[in-house]
Amino acid sequence: MLLKLVWNKIWHKRLSSFLCILLMGIGVAIISLVANLSKQLEGNFSKSISGIDMVVGAKGSPLQLILSSVFHIDAPTGNIPLSEVNNLKRNRLVKTLIPLSFGDNYRGYRIVGSELSLLKHYQAELNEGILFKDDLEVVLGSYTAKVLDLKIGDSFESSHGLDSEGETHEEKAYTVVGVLKPTNTVLDKLILSNLESIWHIHEHEGETHEHEDHEVTAALVKFRSPMGLMTIPRMVNENTSMQAALPSIEVNRLFQLFGTGIEIMKYLAYLIVIISGISVFISLFNSLKDQKNEKALMLTLGASRTKVFTQLLLEGLLLSFIGYFLGILLSKLALFSISKLLSETNFTEINIWQFGAVEIYLLAMALLIGIVSAALPALGIYKVNISETLSRE
Amino acid sequence: MAILQTKNLQHSYTKGIDFVYPDLHCNANQQLLILGESGKGKSTLLHLLGLILPIQQGSVSINGIETSQLNPSKAAAFRANNVGVIFQQHQFVKSLSVLDNILLANYYAKRSLDKNKVNQTADRLEISDLLHKKVYELSGGEMQRIGIARALQNEPKLLLADEPTSNLDDVNCERVYQLLADTAAEQKAALVIVTHDQRLKNKIANQIHL
Chain A
258 MLLKLVWNKI WHKRLSSFLC ILLMGIGVAI ISLVANLSKQ LEGNFSKSIS
308 GIDMVVGAKG SPLQLILSSV FHIDAPTGNI PLSEVNNLKR NRLVKTLIPL
358 SFGDNYRGYR IVGSELSLLK HYQAELNEGI LFKDDLEVVL GSYTAKVLDL
408 KIGDSFESSH GLDSEGETHE EKAYTVVGVL KPTNTVLDKL ILSNLESIWH
458 IHEHEGETHE HEDHEVTAAL VKFRSPMGLM TIPRMVNENT SMQAALPSIE
508 VNRLFQLFGT GIEIMKYLAY LIVIISGISV FISLFNSLKD QKNEKALMLT
558 LGASRTKVFT QLLLEGLLLS FIGYFLGILL SKLALFSISK LLSETNFTEI
608 NIWQFGAVEI YLLAMALLIG IVSAALPALG IYKVNISETL SRE
Chain B
2 MAILQTKNLQ HSYTKGIDFV YPDLHCNANQ QLLILGESGK GKSTLLHLLG
52 LILPIQQGSV SINGIETSQL NPSKAAAFRA NNVGVIFQQH QFVKSLSVLD
102 NILLANYYAK RSLDKNKVNQ TADRLEISDL LHKKVYELSG GEMQRIGIAR
152 ALQNEPKLLL ADEPTSNLDD VNCERVYQLL ADTAAEQKAA LVIVTHDQRL
202 KNKIANQIHL
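So the protein lines, in turn, are chains A and B. Sequential numbering of the first sequence, starting at 258, is according to the working numbering. Sequential numbering of the second sequence, starting at 2, is according to the working numbering.
Calculated from the structure, these hints are not laboratory results. Computed from a prediction, not measured in an experiment: that's the story for all the values here. One should not assume that every hint holds.
Incomplete in silico selection of chain B near chain A, CB under 8 Å [to be verified]:
#, residue
1, I53
2, L54
3, G59
4, S74
5, A78
6, A81
7, V86
8, L97
9, A106
10, Y109
11, A110
12, L114
13, C174
Note that CB positions come from ideal geometry on N, CA and C, so glycine has one too.
Only chain A is shown next, with the shape it has when bound in the complex (with noise of 0.2 Å):
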């Protein structure tokens, strides 16, 4: 009965039901997007840059340039020399360095030349067939596998360009040689052959060049000590034609723009929550005014106030509750059509059921909003006078 008499009440007045569900329900749906994506874009960003201390490519924006060759979601800066490249890794404070060179595409999924040793470095393994070894052999990330639908023997030319309008490269073809297993790195939508094949493509429009004029597009370091930190970057930036860019420094400046945004973003939702409070407020204060001789039946049929209360205050809960429900359902819903959206991009994975302790946050948040709206109306029930309110006409 205890239900029935609360669900009645709230289906009875619907409209004013609905906007109370309705803003909770949006102001979570926000603050839980905004947490779950900015948490997973760090997260996925952190990951794709860990293990990498510095990146050397073309002066420009430092930004570009990791954007590029470590998210490869932006135009390269432009190529710098390998010799320059080689001297650095012969630094005895540089670990380990990969040369990335691309520039080219096969219906938007980018060809970037490496050595092995960038596989490695993203802990890829072969789901079938072998490593590249040979000019003009490819291996293929696991979704540019399944969305372009190759297979190994499948050859095909690439395009100049990172779109798929650029121009083909007609004369030579690419050949599949091997597929890598789901890395959930930037692998998995890039096309990886060795070094040799890009300039190899490249040739014919020049003379041939000699070893030491090849050109690379940027090189991923890794330093033995933060030794390396310290000097190299500078010395790369005033003694050599290319930049180093830090990864760490680069990830931190896009996520102070976007934080700006999200903050705003956040304190919006908070404020729509708030107004949601609100608004059950208002809805349980009129209702307590307006339904004063319905209050005043129940108590003389019997119930006591506590019982009345209970009922007013279970009434703002359900709301709430009902309301943080749509929420996470309106989050998940925008997650998964932003996931679906960017899976179309080198950008991030977006994991849609991962449910955290911003969730259980907000419930608390949702839980307690409606019981404080809910309680300073209800409160009221203890101050109704029955006899006043009955025999009054």
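Given chain A, work out where chain B should sit, using these hints.
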């Protein structure tokens, strides 16, 4: 056996209006008519008898129990189980069906919900068809009968009716009175009607004028 017995009952409001009531007495299966014009303290008396107002002075004994000493929560429980109040204005929980409104009397008296009893009373009052309607779909007459059904739901020993006939024409006045008298008699309850309606004068011999 006396179901209702009052002695030296008085009530004063802070505004300085004092009501002094004559002693009342009503047995089981008996009827008592309390007549009075507006401003004579009819509603106050009804609320005192229904334990809705705390008793300041004098005593009210219902079904052999002295009620003036009961604390508010005991008084509420006692009222729920022993006194059926039929309100002048129709008081219902609008969001509930007619059936649930009648069952509320069981619920708030902490009794088990007795649908059989509802069906019995509904047959008797000819409201069986209305049980699953919403309260706001009903006419005034229907509401009154449902109010009576609710007052009877816990089989009270004392039935208090507040102006049950004052808004009705002669035919319906007669009908409602008969309904109250019959149902009270069926349950061997004492029926106390508080009204200014002079038409009931000839129906109930046991009368008190305020």
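Structure-based check of each hint:
no.	hint	in the structure
1	I53	holds, 5 Å
2	L54	holds, 5 Å
3	G59	violated, 17 Å
4	S74	holds, 6 Å
5	A78	holds, 6 Å
6	A81	holds, 3 Å
7	V86	holds, 6 Å
8	L97	holds, 5 Å
9	A106	holds, 5 Å
10	Y109	holds, 4 Å
11	A110	holds, 5 Å
12	L114	holds, 7 Å
13	C174	violated, 21 Å
Violation of the numbered hints given earlier is confined to hints 3, 13; the remaining hints are satisfied by the structure.
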